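Chain order of the listed sequences is R and A. Using my numbering, you'd call the opening residue of the first sequence number 1 and step up by one each time. Using my numbering, you'd call the opening residue of the second sequence number 177 and step up by one each time.
Rather than coming from a laboratory, the hints here were simulated on the basis of the structure. Where hints are given, some of them may not hold.
Estimated spans, in silico, between C-beta atoms of each pair [as the list claims (entries may be wrong)]:
| # | chain 1 | residue 1 | chain 2 | residue 2 | range |
| --- | --- | --- | --- | --- | --- |
| 1 | R | 24 | A | 262 | 40 to 46 Å |
| 2 | A | 263 | R | 35 | 34 to 40 Å |
| 3 | R | 24 | A | 300 | 42 to 48 Å |
| 4 | R | 168 | A | 299 | 29 to 35 Å |
Predicted model only: the values in this text are computed from it and were never measured. Glycine residues also receive a C-beta, built at the ideal position from the N, C-alpha and C atoms.
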Amino acid sequence: MRNLIIGAALSAISTGVSAQDFSEGSEAKTWNLYAKVPATFEATVVGFLCELTGECAADCGSGRHQLGLKRIVDDVIVQAMKNNQPAFSGAATDLAPNCNQVVQVDGLMIKDEDFPVNNIYLVQTIQPVGGEKAKANQFTRKWAERHPDAAGKGLWFRRDPRINEITSRRISGSGT
Amino acid sequence: MRNQIAMLAAVIMVTLAGPAPASEGTRIQVTGEIIDTWCYYSGVMGGPNAVVGSAHHTCALWCSAGGIPVGLLTEDGTVYMILKIAQDTNSAGGDTQLSLAAHTVTADGMLYERDGQNYIIVNEVVADLGIQNTTHEDYGTVPPFSFPEPE
Chain R
1 MRNLIIGAAL SAISTGVSAQ DFSEGSEAKT WNLYAKVPAT FEATVVGFLC ELTGECAADC
61 GSGRHQLGLK RIVDDVIVQA MKNNQPAFSG AATDLAPNCN QVVQVDGLMI KDEDFPVNNI
121 YLVQTIQPVG GEKAKANQFT RKWAERHPDA AGKGLWFRRD PRINEITSRR ISGSGT
Chain A
177 MRNQIAMLAA VIMVTLAGPA PASEGTRIQV TGEIIDTWCY YSGVMGGPNA VVGSAHHTCA
237 LWCSAGGIPV GLLTEDGTVY MILKIAQDTN SAGGDTQLSL AAHTVTADGM LYERDGQNYI
297 IVNEVVADLG IQNTTHEDYG TVPPFSFPEP E
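Only chain R is shown next, with the shape it has when bound in the complex (with noise of 0.2 Å):
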């Protein structure tokens, strides 16, 4: 009866919604890069590693696991490589709040045909189910939080420990 229940919703969902355009109803800003199309669609946030081994944790890694977002209509999962600022940080911090939610998302896919790839997104803002939707922001304060000793002017990567001992390394011709 569940099966039967869960085949009904999925069909019921996908008709009519296999040819979705995800860039409908998409407020995502195009951030002027090449190959980049908006995209906004509901999905279930997961984590790779539970979703493909069973090895699951209990709030997704809180941040420090990759995490994805099993797109409702289809069942894909596209990697949520990105987050919504311009400084070299990714979407597991601000995803992992929602941990196995589901979740309306806005932002911007890959979508080049001279290097094809699949599913890779830039993820802009986020809206769990009855929530409020949040620009995918966290992960400077979440990096302040953490580094409480690197606190200063600057920004996060050039005052970064760890990434400050592997670069003195390297100049100083000890390292790689």
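Start from chain R and add chain A according to the hints.
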């Protein structure tokens, strides 16, 4: 209203469906470079040949520490998204992957394929050859502001 109904249906579906069953992986051993996947796929910093190796090492560190997925790029152009290295499950900003940025490694692990992408659980880094791809000779630093760091 239509959106609310669709969202409600989505919630019901997720509740009924529960977690998806894990798939079977395939054991593989692959050699390639640990890359920053966003720069590689998006082209925001230049073409694919410019955003690998020594030219892009600093940017690869920034992106890895920033939680952008890292991948293993093999000579034939295949990219394996790395989800775990040995016991380190921190694939978003973890220490192990950060220490391997731009390195050429041989990895032994389990391959999973899903929706056109390859994912790898690295059981063991069999060999770490350091940075072998000396792209700075052709490209300088990518992006140009990544090195040296301004005073």
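C-beta pair residue 168 of chain R, residue 299 of chain A: status relative to the range 29 to 35 Å that was hinted = holds, 31 Å
Look at the Cβ atoms of residue 24 of chain R and residue 300 of chain A and judge whether their distance stays inside 42 to 48 Å.
-> Hint holds: Cβ distance 46 Å, inside 42 to 48 Å.
Between residue 263 of chain A and residue 35 of chain R, does the C-beta distance stay in 34 to 40 Å?
-> holds, 37 Å
Satisfaction of the hinted span 40 to 46 Å by the C-beta atoms belonging to residue 24 of chain R and residue 262 of chain A | holds, 44 Å
Consistency with the previously given hints is maintained throughout, with no hint failing.
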